[in-house]
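Colleague: Here's the letter readout for the chains.
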Amino acid sequence: MGSEPAAFLSALRLSDSFLPVGGYTASYGLEQYLNEGRLEDGEELRELLAAYLRRLVGPAETVALANANRASAAGDLEGILAVDERLHALTMPREFRESATKAGAKLCELFLEDGELDAAGVAFARRVADGETPGGYPVAFGVVARRQGVEPLEAALAHAHGFVTGLLGAAQRLGRFGHTEIQAILEALQPTIVAVCERHVDAEPAAMASFAPLAEIMGMRHERGERRLFVS
Amino acid sequence: MGYRDVAKIGVGGPVGSGKTALVEHLVPRLVDDGYEVGVIANDIMTQEDADVFRESFADVVPPELIEGVETGACPHTGIREDPSMNLAAVDEFTERHPGLDVVVIESGGDNLAATFNPELADYFLFVISVAEGEDIPRKRGPGVVQADLLVINKVDLAPYVDADLEVIEADTAAVREGAPFAFTDCKAGEGIDAVAERIEREVLFA
Ligand SMILES: Nc1nc2c(ncn2[C@@H]2O[C@H](COP(=O)(O)OP(=O)(O)O)[C@@H](O)[C@H]2O)c(=O)[nH]1
Ligand SMILES: [Mg+2]
Numbered sequence: 001m002g003s004e005p006a007a008f009l010s011a012l013r014l015s016d017s018f019l020p021v022g023g024y025t026a027s028y029g030l031e032q033y034l035n036e037g038r039l040e041d042g043e044e045l046r047e048l049l050a051a052y053l054r055r056l057v058g059p060a061e062t063v064a065l066a067n068a069n070r071a072s073a074a075g076d077l078e079g080i081l082a083v084d085e086r087l088h089a090l091t092m093p094r095e096f097r098e099s100a101t102k103a104g105a106k107l108c109e110l111f112l113e114d115g116e117l118d119a120a121g122v123a124f125a126r127r128v129a130d131g132e133t134p135g136g137y138p139v140a141f142g143v144v145a146r147r148q149g150v151e152p153l154e155a156a157l158a159h160a161h162g163f164v165t166g167l168l169g170a171a172q173r174l175g176r177f178g179h180t181e182i183q184a185i186l187e188a189l190q191p192t193i194v195a196v197c198e199r200h201v202d203a204e205p206a207a208m209a210s211f212a213p214l215a216e217i218m219g220m221r222h223e224r225g226e227r228r229l230f231v232s
Numbered sequence: 233m234g235y236r237d238v239a240k241i242g243v244g245g246p247v248g249s250g251k252t253a254l255v256e257h258l259v260p261r262l263v264d265d266g267y268e269v270g271v272i273a274n275d276i277m278t279q280e281d282a283d284v285f286r287e288s289f290a291d292v293v294p295p296e297l298i299e300g301v302e303t304g305a306c307p308h309t310g311i312r313e314d315p316s317m318n319l320a321a322v323d324e325f326t327e328r329h330p331g332l333d334v335v336v337i338e339s340g341g342d343n344l345a346a347t348f349n350p351e352l353a354d355y356f357l358f359v360i361s362v363a364e365g366e367d368i369p370r371k372r373g374p375g376v377v378q379a380d381l382l383v384i385n386k387v388d389l390a391p392y393v394d395a396d397l398e399v400i401e402a403d404t405a406a407v408r409e410g411a412p413f414a415f416t417d418c419k420a421g422e423g424i425d426a427v428a429e430r431i432e433r434e435v436l437f438a
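Here the protein sequences line up with chains R and E, keeping their order.
Going letter by letter, the first sequence gives residues 1 to 232 in our numbering.
Going letter by letter, the second sequence gives residues 233 to 438 in our numbering.
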């Protein structure tokens with residue numbers, strides 16, 4: 001850690017909901033948990049988010065992101081594509097894939113237009129635009145972060161933080177959670193964010209996995225949810 | 233071919249002001265005049281809204297050119313700070329219909345401050361209704377002030393809600409500072425011609 005100031009600012013930018021990639025439309029099943037009355041209070045929300053971190057964000061997304069980041073640093077387009085393919089294949093609910101690929105495509109588009117990608121990044125972004133590779137958000141995030149000088153662990157932390165604040169924001173807009181309560185949950189989740197990112201950041205692509213069956217079922221039921229304010 | 237190659241018309245305004253009613257008049261007219269039109273609805277019941285449009289436009293717009301876009305309970309974000317999901321939906325339209333001329337995007341109902349991002353809408357209409365109160369224009373909401381065309385709908389209801397159309401007109405002229413506005417009754421279909429003609433002149437001929 002201890003990154004360059006510009007890289008630090010880039011990490012902040014990438015983890016901020018101000019980044020226009022549609023993150024505020026994704027709830028990754030959370031809307032359905034609330035639709036079905038499965039979240040009673042802040043404690044249950046915190047537990048649920050900790051489970052997302054341990055079973056999905058860590059072992060799947062962090063592994064994808066970190067490996068995309070390293071492959072990008074090595075100019076290894078094939079490496080990026082392989083990670084992208086694997087992450088997409090293990091993301092079960094259709095809407096999770098949809099949220100992830102739409103945001104990934106927008107992130108690539110944004111940085112491609114700004115001329116802010118290196119050769120491997122440009123090649124990856126073009127393939128995403130042409131529909132030749134899924135372009136999952138964590139993979140695009142890893143590639144873009146690399147170009148901005150953000151190292152794998154910092155990129156993983158920025159992404160996990162963005163994921164958690166995104167879902168907390170969704171919970172706040174859908175349920176009845178106070179702003180101080182939401183901040184307390186975020187604070188309580190910090191050690192989990194750190195532990196999960198540190199644990200998975202150096203894993204090989206082949207280690208990529210996820211196990212979140214109830215979240216996946218919620219994600220699938222959401223397709224026919226009676227209330228849908230979110231894409232996923 | 234992508235979202236930059238097609239004209240996009242935004243329709244914003246508070247909940248219930250008549251955005252959907254206006255779109256239901258405008259779209260068949262644009263189709264009649266020879267344009268290929270797509271429609272996007274942003275709202276609470278997104279897919280339901282899209283289905284309402286699919287039904288009312290059954291003979292004029294193919295179902296795949298009608299889409300509901302979820303905005304995560306943030307309708308203003310969807311049309312202003314981060315229109316990326318709406319633009320992605322427009323991209324899907326143009327991919328399948330390269331000859332598409334125009335997409336009408338109805339925002340989920342919002343407050344008077346909601347405006348359209350210029351990269352999302354080349355032209356934006358803001359619809360208010362006289363039934364929301366005579367003083368709406370006077371509040372100088374950014375939507376009311378900045379819209380390319382302000383539509384003041386439900387003029388038929390003015391007598392029932394003690395709204396004086398002359399006061400509304402004078403206030404509106406003052407806050408719009410020469411920018412256009414139009415009165416409509418979308419229930420009876422009155423005033424629609426003027427709105428449609430202006431859109432065609434300013435957006436589609438340009
Ligand atoms: N009396 C009257 N009712 C209208 C008019 N325009 C729309 N409505 C009704 O107002 C309600 C809300 O209209 P809608 O178009 O759904 O509003 P939106 O939320 O802005 O899309 C519906 O019941 C419409 O039938 C109008 O000009 N006059
Ligand atoms: Mg409507």
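No wet-lab data here; the hints were simulated from the structure.
A portion of the hints provided could be inaccurate.
If you want the ones that stay clear, here's a sample from chain E, every Cβ over 12 Å from chain R, calculated [stated by the list, open to error]:
no.	residue
1	257
2	265
3	280
4	300
5	301
6	304
7	319
8	343
9	377
10	406
11	424
12	435
Per label pair, the in silico range of CB-to-CB distance [claimed, not checked]:
no.	chain 1	residue 1	chain 2	residue 2	range
13	E	365	R	220	39 to 47 Å
14	R	226	E	294	24 to 32 Å
15	R	224	E	399	46 to 54 Å
16	R	13	E	327	46 to 54 Å
17	R	223	E	392	39 to 47 Å
18	R	226	E	365	27 to 35 Å
19	E	406	R	4	51 to 59 Å
Quantities reported herein were computed from a predicted structural model and do not represent experimental measurements.
All residues carry an ideal CB built from backbone N, CA and C; glycine is no exception.
Colleague: State for each hint whether it applies.
Modeller: Hints versus structure:
A cut-off of 12 Å between C-beta atoms confirms that residue 257 of chain E is not in contact with chain R; the least separation is 27 Å. The claim that residue 265 of chain E is not at the interface with chain R holds, since no C-beta of that chain comes within 12 Å of its own (minimum 33 Å). Consistency note on residue 280 of chain E: stated as away from chain R, yet its beta-carbon is not over 12 Å from all of that chain's, at 9 Å minimum. A Cβ of chain R approaches the Cβ of residue 300 of chain E within 12 Å, the least distance being about 9 Å, so the stated non-interface status is violated.
Residue placement check: residue 301 of chain E does not keep its beta carbon more than 12 Å from all beta carbons of chain R (closest about 8 Å). Remark: the non-interface label on residue 304 of chain E conflicts with the geometry, its nearest Cβ contact in chain R lying 4 Å away (cut-off 12 Å). Interface exclusion of residue 319 of chain E from chain R breaks down, the closest Cβ pair being 8 Å apart, not more than 12 Å. The beta carbon of residue 343 of chain E sits about 15 Å from the closest Cβ of chain R, which is more than 12 Å, so the claim that it is off the interface holds.
Here residue 377 of chain E stays apart from chain R, with its beta-carbon at least about 24 Å from theirs, past the 12 Å limit. Residue placement check: residue 406 of chain E keeps its beta carbon more than 12 Å from all beta carbons of chain R (closest about 35 Å). With a least beta-carbon separation of about 31 Å from chain R, residue 424 of chain E lies farther than 12 Å from that chain, consistent with its non-interface assignment. With a cut of 12 Å on Cβ distances, residue 435 of chain E stays outside the contact zone with chain R, its closest approach being about 24 Å.
Checked against the hint of 39 to 47 Å, the pair residue 365 of chain E and residue 220 of chain R passes, with Cβ atoms roughly 44 Å apart. For residue 226 of chain R and residue 294 of chain E, the Cβ-Cβ distance of about 27 Å falls inside the hinted range of 24 to 32 Å, so the restraint holds. The supplied range of 46 to 54 Å is met by residue 224 of chain R and residue 399 of chain E, whose beta-carbon atoms lie about 48 Å from each other. Our hint of 46 to 54 Å for residue 13 of chain R and residue 327 of chain E is violated, since their Cβ atoms are close to 30 Å apart.
With their beta carbons about 42 Å apart, residue 223 of chain R and residue 392 of chain E fall inside the hinted range of 39 to 47 Å. Residue 226 of chain R and residue 365 of chain E have their C-beta atoms about 33 Å apart, which keeps the hinted 27 to 35 Å range intact. Evaluation of the 51 to 59 Å hint for residue 406 of chain E and residue 4 of chain R yields a pass: the beta carbon distance comes to about 53 Å.
Of the numbered hints stated above, those contradicted by the structure are hints 3, 4, 5, 6, 7, 16, listed in ascending order.
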